[in-house]
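Here the protein sequences line up with chains A and B, keeping their order.
Quick note: the first sequence, position 212, residue 212 per the working numbering, numbers continuous.
Quick note: the second sequence, position 5, residue 5 per the working numbering, numbers continuous.
FYI, nobody ran anything at the bench for these hints, they're computed from the structure.
It is possible that part of the hints are untrue.
These stretches of chain B come out as covered by chain A in the derived footprint (C-beta under 8 Å, 3 or more residues) [claimed, not checked]:
(1) 54-67
(2) 163-170
(3) 183-191
Okay, the calculated beta carbon distance ranges per label pair [said to hold, decoys possible]:
(4) T136/B x S119/A: 53 to 59 Å
(5) A116/A x K129/B: 47 to 53 Å
(6) G100/B x V115/A: 26 to 32 Å
(7) S119/A x E112/B: 55 to 61 Å
(8) V115/A x R189/B: 27 to 33 Å
(9) S163/B x S119/A: 37 to 43 Å
(10) Y38/A x I193/B: 44 to 50 Å
(11) E112/B x A116/A: 45 to 51 Å
(12) R189/B x S119/A: 27 to 33 Å
(13) S163/B x Y38/A: 49 to 55 Å
Derived lysine-lysine pairs resembling DSBU-like cross-links, with alpha carbons at most 35 Å apart [unchecked claim]:
(14) K53/A x K99/A
(15) K166/B x K53/A
(16) K195/B x K72/A
(17) K53/A x K168/B
(18) K195/B x K92/A
(19) K153/B x K92/A
(20) K168/B x K92/A
(21) K79/A x K195/B
(22) K97/B x K131/B
(23) K95/A x K168/B
(24) K195/B x K53/A
(25) K140/B x K92/A
Glycine included, each C-beta is placed from N, C-alpha and C at the ideal position.
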Amino acid sequence: MMLYKNIPIRKKLLRIVFLINGIVLFVTCVTFFIYEFYIFRKTTSEKLSTIGKIIAANSTAALAFQNADDAKEILAALKAEPHIVAASLYDKDGKIFSKYATTARESVFPVSPGVAGFSFTNSYLDGFTPVTQDNRQLGTLYLKSDMGDMYERLRLYGTIVVLVLVISFFLAYVLVRFLQKSISTPILALAQTAKVISDQKVYSVRAVKMGNDELGTLTEAFNHMLDQIEEQNRNLVEFNQNLEQKVMERTEQLESVNKELEGFSYSVSHDLRAPLRAVIGFTSMLEEDYTSKLDDEAMRITSVIKKNTIKMGHLIDDLLAFSRMGRQDGTKTAIDMTEMLNEVITSLSPVEGNGAISWDIQPLPRANGNANMIRQVWVNLVSNAIKYSRKRKAPHIEIGSFDKDNKHVFFVRDNGVGFDQLYQDKLFKVFQRLHSAEEFEGTGVGLALVEKIISKQGGDVWAEAEKDKGACFYFSLPI
Amino acid sequence: MQTIKVRVQASIRYRGKNEWLFQALFILLFALNGHGLPAQPAPSREYQLKAVFLFNFTQFVDWPPTSFDADESPLVIGILGANPFGSFLEETVSGEKINGHPVTVHYCQSDEDAQNCHLLFVNLPDVKKRKAIITTLKGKNVLTVSDASDFSKLGGMIKFFTSNNKIKLQVNLEATKESELVLSSKLLRLAEIFKSEKSN
Numbered sequence: 001m002m003l004y005k006n007i008p009i010r011k012k013l014l015r016i017v018f019l020i021n022g023i024v025l026f027v028t029c030v031t032f033f034i035y036e037f038y039i040f041r042k043t044t045s046e047k048l049s050t051i052g053k054i055i056a057a058n059s060t061a062a063l064a065f066q067n068a069d070d071a072k073e074i075l076a077a078l079k080a081e082p083h084i085v086a087a088s089l090y091d092k093d094g095k096i097f098s099k100y101a102t103t104a105r106e107s108v109f110p111v112s113p114g115v116a117g118f119s120f121t122n123s124y125l126d127g128f129t130p131v132t133q134d135n136r137q138l139g140t141l142y143l144k145s146d147m148g149d150m151y152e153r154l155r156l157y158g159t160i161v162v163l164v165l166v167i168s169f170f171l172a173y174v175l176v177r178f179l180q181k182s183i184s185t186p187i188l189a190l191a192q193t194a195k196v197i198s199d200q201k202v203y204s205v206r207a208v209k210m211g212n213d214e215l216g217t218l219t220e221a222f223n224h225m226l227d228q229i230e231e232q233n234r235n236l237v238e239f240n241q242n243l244e245q246k247v248m249e250r251t252e253q254l255e256s257v258n259k260e261l262e263g264f265s266y267s268v269s270h271d272l273r274a275p276l277r278a279v280i281g282f283t284s285m286l287e288e289d290y291t292s293k294l295d296d297e298a299m300r301i302t303s304v305i306k307k308n309t310i311k312m313g314h315l316i317d318d319l320l321a322f323s324r325m326g327r328q329d330g331t332k333t334a335i336d337m338t339e340m341l342n343e344v345i346t347s348l349s350p351v352e353g354n355g356a357i358s359w360d361i362q363p364l365p366r367a368n369g370n371a372n373m374i375r376q377v378w379v380n381l382v383s384n385a386i387k388y389s390r391k392r393k394a395p396h397i398e399i400g401s402f403d404k405d406n407k408h409v410f411f412v413r414d415n416g417v418g419f420d421q422l423y424q425d426k427l428f429k430v431f432q433r434l435h436s437a438e439e440f441e442g443t444g445v446g447l448a449l450v451e452k453i454i455s456k457q458g459g460d461v462w463a464e465a466e467k468d469k470g471a472c473f474y475f476s477l478p479i
Numbered sequence: 001m002q003t004i005k006v007r008v009q010a011s012i013r014y015r016g017k018n019e020w021l022f023q024a025l026f027i028l029l030f031a032l033n034g035h036g037l038p039a040q041p042a043p044s045r046e047y048q049l050k051a052v053f054l055f056n057f058t059q060f061v062d063w064p065p066t067s068f069d070a071d072e073s074p075l076v077i078g079i080l081g082a083n084p085f086g087s088f089l090e091e092t093v094s095g096e097k098i099n100g101h102p103v104t105v106h107y108c109q110s111d112e113d114a115q116n117c118h119l120l121f122v123n124l125p126d127v128k129k130r131k132a133i134i135t136t137l138k139g140k141n142v143l144t145v146s147d148a149s150d151f152s153k154l155g156g157m158i159k160f161f162t163s164n165n166k167i168k169l170q171v172n173l174e175a176t177k178e179s180e181l182v183l184s185s186k187l188l189r190l191a192e193i194f195k196s197e198k199s200n
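Using the sequences and the accompanying hints, generate a full structural model.
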């Protein structure tokens, strides 16, 4: 059975009305039933008493003149009243004078007359009436009535009660079905509106007000609430638009500032190269032209100066390349990656002077991108692989590609020193190094440059490595 | 039987004043009967019933108010001729009142004496005498009752007769009407109504 609180309001109303109707009718019917029962008992008693008086009045002469035939005839008149099942007349001395019984079963009479009056015993009403003539008692009449009359009447009454119940329940049902609409319709409409709003997030819907009762007030309040929600939504959208506008403005400002900064660092690096070239030139002149005049210590110092100056030159070159990235326009062309890689390896191998490396180069797909920039990526990644695997007995470099998420993914794997995965986030940041300059030369700009290029080409860069077991660098480009 | 005799004698003694009258009556009755019956026979069951019936008639018959001198005047049941009830009738009516009238028993000595009764039990074996008394009482407010088989025919009002060993009544309505006596319908229902040859 459904819980009462979970059933629809329409059914609730119906049940309430049915319950009240049922209880009221039941109580009313029971009350009338009881009333009727007592009234009927009383009426029956009075009726029997009256019949008794009439019969008694008629039997006086029969008793007075000992006419049994007449007495019998008088009692036989009781046939007209079928509920009187037995009657008897007693003479002055209390002896039975005449008898009457509808059936043999009822033919049992009190031996002697009792006190006048009627009483209910079992399912019978019986009693005695004195037979008097001019206040002189000539005998006694005994009457016995069954209650069939009453049961018949109560049965009829019961049938009427059932009929009334059925009819009133039917009427109640019809009326409630009709009348409950005034309550349930506004509620259902409200519920429907609320459901539409919560399902479809349409806040412009309004519930229809159907009257000025509490439900009308509720509908009004509900609509007012929707007004407010809509108003707030509008404010929120407006606020969001303002925010976006502001973000765009800020981004533009930031971009222009960034450009200025890049321009500035380019000119700084470029301008720094000119004096550095002079320092290198003059140091070389010292080394070549003043070998005899300078002692050994002076020569050593001179060579240190030259070495550091060259190093500084590299640093400036790298910085220049890094800052140039921001300035270059990304003109994209289709690149034959295999050809480009071969060129890069050829240009790098003699410089690094390491023929011991075993190469495993798979055929690579063509890719779209800025050729100069992608070349720089290959240079940096391949030279890194050579650099960090150089110290291995059997250095091995594997280069290949695969497709993933609608992008070409290229990778360069070496069996070099690798690095700790923990420091991955530092890997692609400018001037961040995982190894010392004494161990592996470098400026800390290479991978940062790779990251910058690839993100500009619309791809991603990532790496997998394990300390002392080699590293693998991946970059992806859109197909 | 014995007790009744004693009681009867006691009642006679009570009437000491009229002793002479009674003795005279007894002698007369003795002479009239000529059978040598005892003066106070114990009444048979039949006459006991008839005595009760006589009293009961007073309850079912209305006499015109003019037949009573006053409201408390007695209602007199008379016996003309020999008394077949012994003292039983007197015992039956003693202390009884009908509509405020005490009921008394009177033993009538003559036809004139009988005129003062309200109810007269005629116990005259001689048909002429019966005729005479009926003629005398004609139109008077006296209810006449008798055992005589020709009583109704003679103009008597109520006749006792026996049928199937039961005492039945025959009523001469013409006679009662003439005497302005109203018999209760209840009584009439029990009775056989006498139809005179004239009306037939």
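Here is how each hint holds up against the structure:
Under a criterion of three residues with beta carbons nearer than 8 Å to beta carbons of chain A, the stated coverage of the segment 54-67 of chain B is upheld, 3 such residues being counted. Using a Cβ-Cβ cut-off of 8 Å, 3 residues of the segment 163-170 of chain B lie near chain A, which meets the minimum of three, so the contact claim holds. Residues of the segment 183-191 of chain B with a Cβ under 8 Å from some Cβ of chain A number 5, which satisfies the need for three, so the listed coverage holds. Against the hinted window of 53 to 59 Å, the Cβ-Cβ separation of T136/B and S119/A comes to about 56 Å, which satisfies the hint.
Between A116/A and K129/B the CB atoms are about 48 Å apart, so this pair conforms to the stated range of 47 to 53 Å. Checked against the hint of 26 to 32 Å, the pair G100/B and V115/A passes, with Cβ atoms roughly 29 Å apart. Taking the beta carbon of each, S119/A and E112/B are about 58 Å apart, inside 55 to 61 Å as hinted. Checking the proposed 27 to 33 Å range against V115/A and R189/B shows it holds: the Cβ atoms sit about 30 Å from each other.
Roughly 41 Å separates the CB atoms of S163/B and S119/A, a value that falls within the hinted 37 to 43 Å. A C-beta distance of roughly 49 Å is found between Y38/A and I193/B, which places it inside the suggested range of 44 to 50 Å. The supplied range of 45 to 51 Å is met by E112/B and A116/A, whose beta-carbon atoms lie about 47 Å from each other. The given range of 27 to 33 Å is respected by R189/B and S119/A, whose C-beta atoms sit roughly 32 Å from each other.
Between S163/B and Y38/A, the C-beta spacing of about 51 Å keeps the proposed range 49 to 55 Å intact. Straight-line distance between C-alpha atoms of K53/A and K99/A comes to about 17 Å, which keeps the hinted pair within the 35 Å bound. A distance of roughly 28 Å separates the Cα atoms of K166/B and K53/A; the hinted pair therefore holds under the 35 Å criterion. A hinted pair counts as satisfied when its Cα atoms are at most 35 Å apart, and K195/B with K72/A qualifies at roughly 26 Å.
Between K53/A and K168/B, the direct Cα distance comes to roughly 26 Å. Compliance with the 35 Å bound is thereby established for this hinted pair. Taken as a hint, the K195/B and K92/A pair is honoured in the structure, with Cα atoms around 33 Å apart against an allowance of 35 Å. Distance check on the hinted pair: K153/B and K92/A sit about 34 Å apart at the alpha-carbon level, within 35 Å; holds. With a C-alpha separation of about 20 Å, the suggested pairing of K168/B with K92/A holds against the 35 Å cut-off.
Taking the CA atoms of K79/A and K195/B, the gap is near 33 Å; set against the 35 Å cutoff, the hint holds. Straight-line distance between C-alpha atoms of K97/B and K131/B comes to about 31 Å, which keeps the hinted pair within the 35 Å bound. Restraint check for K95/A and K168/B: the C-alpha separation of about 21 Å stays at or below 35 Å, so the hint holds. Only pairs whose Cα atoms come within 35 Å are accepted, and K195/B paired with K53/A is accepted, the gap being roughly 33 Å.
Only pairs whose Cα atoms come within 35 Å are accepted, and K140/B paired with K92/A is accepted, the gap being roughly 33 Å.
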